[in-house]
Amino acid sequence: MELTGAQIVIRCLQEEGVEVVFGYPGGAVLPLYDEIYKANLNHILTRHEQAAAHAADGYARATGRIGVCITTSGPGATNAVTGIANAHMDSVPMVVFTGQVAVGLLGRDSFQEADITGITLPITKHSYLVKDVRDLARIIKEAFYIAGTGRPGPVVIDLPRDISVAKTEFEYPRSVNLRGYRVLKKVNMLQVNQAAKLINEAQKPLLYMGGGVVASNAAAEIRALVEKACLPVTSTLMGLGGFPGDHRLFLGMLGMHGTRSANYAVCECDCLIAVGARFDDRVTGLLDCFAPNAQVVHIDIDAAEIGKNVGVTVPIVGDVKMVMEQLIPKIEASSGRPEWLAMIDDWKRRYPLSYEQGNEVIKPQFVIETISEVSKGEAYITTEVGQHQMWTAQYFQFKHPRTMITSGGLGTMGFGFPAALGVQLGKPDALVFGIAGDGSFQMNSQELATAVAYNLPINIAILNNGYLGMVRQWQQMFWGGRYSHTTLRDVSPDFVKLAEAYGATGIRVSRPDEVRPAIERAIATPGPVILDFQVDPEENVYPMVPPGASLQNMLGGCELE
Amino acid sequence: MKRRTLSVLVHNSPGVLNRVAGLFSRRGYNIESLNVGMTDNPELSCLTILVDADPASIEQVTKQLHKLIDVIKISDITEEATVDRELVLFKVRADSPIRAEIMQIASIFRARIVDFGRRSLIIEVTGDHQKINAIEQSLKPFGIMEMIRTGVISMVRGKS
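So the sequence lines, in the order shown, correspond to chains A and B. To get our numbering, take the position in the first sequence, counting from 1, and add 24. To get our numbering, take the position in the second sequence, counting from 1, and add 2.
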């Protein structure tokens, strides 16, 4: 039977088992939205295309499935650009359908025309401009395959209006045939053996894990390796949750706002096993001084990551889970290197993360710690970007992979709230907390409408300090205390009233003793809740590696006597 | 820094040149010349890219290129025995007293006169980098009015 392009899109989404799509209609996608209406597809209408992309991203991270979003042409598509870039930097599988003007109008500066495949070229894993309806089913099949395999990433399908209404015979391809795209199915055993030898012989080994562990669903394998070899573990921001935060071998996050014990361990280790991580500048600090004594084993699915920033002794290209299955049997069981573990335990004891909670002013760290305690670490957490994000990484004890949902690479303010919508839709029974700053929250606060419309029981905890806190912290520390345009408190909305204006629940929390009851009340309240925590305005994130310094040179996080 | 020659086989899809060229500029590598042409298979094109970079950078750019879905094969043929050819057109000032001399130079380089104007000649020459540079030096004193180079294409000798 002949189907229109729009009907083909719907059929393909059904074939791919897509449960939910996020989007925003417009002129160029009218034919598609008409079919969405007829097919009763589970479509979530956000209030901005950027939010649709972030929601699809959050959905994908929490569920491990492919996120799908739809925008119209021109401004609809360009609004999604930040969301696409965000997914690209954090390797999140997404398929983005953008409307486009009719093929005959392309290149004529037509109304609502934007060259979105051109604009998104550097921030997509791949992209398609559909010019013949007969290619559409194949393209969608390929797009889902490319987005979800190998190192995942976003794929854009630009769909001109006339292609949506053109007809062709529909047949969904069973397989893809891409000469230039191969998914690795085998691991180089020679390199696995070399890595095993290095690990077995190391006196001071350290495992440094990143988001690849989460993306590869390899948390159980990592734990098996760590416990067999008795390896101390540190994680990047993206890896949090991939290893239990309360495990005795866990050192917490490394890098700019990592723990002293993690960063000292990096400086001291003689064998660094990097797993699904990419040696980002926020992790390494001054590159020349990073892990100076270590031989490096680097396991990553993307060959281009190996040797990109740091020289590697043993490279292993492959999916983390697949590599672990080969590597673990070759690792000798160890009860630990007592001197090394004693050194680490000593750092942990001397330099714990700390803050002082008084009776009057709420410390932001206290809010995070309380959410962690009340939820017993079982909540899904999304964050925006800034101080609250770092405190979340430091003070929330993540237990499970895919529960820390944060914009790691791009650092997108405005990500966390719409991402929380996607998480809750993907995990309807889960407890979802969005941790936000007052600045970040205002970047996508219009999504309160979406949260209320679909009655999503998300809890947004705004750590309201009246500043763009992280920038203010840098201004205080490195720019002579000149708070150039980082003060928001002069004009800030009343977040409680804002929530109520949309039909959500708002709770203001001003005193430390109100923190726990407010969190418990929010959890018990149906529908979306905004918690406005009035926190200490000039609290800083410590410890900190100053920009451009080595991990050895940390500020703050003072030594306990 | 050394000049490397990459031969890149790509799927002949719209925007593929954009993807490849964009990757070079984005990652900060300078393309000295880039040539795109059809191959014996109409679905595939061959790019010959000359780039100035150290070996580590070449390795990185090669790996990044491999990630492009439309890139099928990349060969660094710098160290291989290759045939390298470039085509260049020179428009040279040539008033009648010096025409014979210019034509003589052309014939030494086995170049061809492809346009015979009243005050100028267009000379077509093919060859490798050295030969092109040599003829350019020889013609310079007469006054080169215009020059266009195609960029190099390369093919590995022998094998299959």
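There may be inaccurate statements among the hints.
Not everything, but these chain B residues come out facing chain A in the computed CB check (under 7 angstroms) [to be verified]:
#1 76
#2 77
#3 147
#4 148
#5 151
Computed cross-link-like contacts, DSS-like style, restricted to lysine-lysine with a CA-CA straight-line distance of at most 27 angstroms [stated by the list, open to error]:
#6 A:221 x A:62
#7 B:65 x B:161
#8 B:75 x A:165
#9 A:210 x B:4
#10 B:4 x A:209
#11 A:372 x A:332
#12 A:387 x A:209
#13 A:345 x B:69
#14 A:354 x A:400
#15 A:191 x A:62
#16 A:228 x A:209
#17 B:75 x A:209
#18 A:165 x A:221
#19 B:75 x B:161
#20 A:210 x A:191
#21 A:209 x B:142
#22 B:75 x A:210
#23 B:161 x A:387
#24 A:209 x A:345
#25 A:345 x B:65
#26 A:155 x A:210
#27 A:210 x A:423
#28 A:165 x B:4
#29 A:354 x A:221
#30 A:400 x A:387
#31 A:191 x A:209
#32 A:210 x B:69
#33 B:161 x A:332
#34 B:69 x B:4
#35 B:161 x A:165
#36 A:252 x A:354
#37 A:209 x A:252
#38 A:252 x B:75
#39 B:69 x A:252
#40 B:161 x A:155
Hints in this document: simulated from the structure, not taken from any laboratory. Glycine residues also receive a C-beta, built at the ideal position from the N, C-alpha and C atoms.
Violated hints, by number in ascending order, as checked against the structure: Numbers 1, 2, 3, 4, 5, 6, 9, 10, 11, 12, 14, 16, 18, 20, 21, 23, 26, 27, 28, 31, 33, 35, 38, 39 and 40 - these are the hints that the structure violates, sorted from lowest upward.
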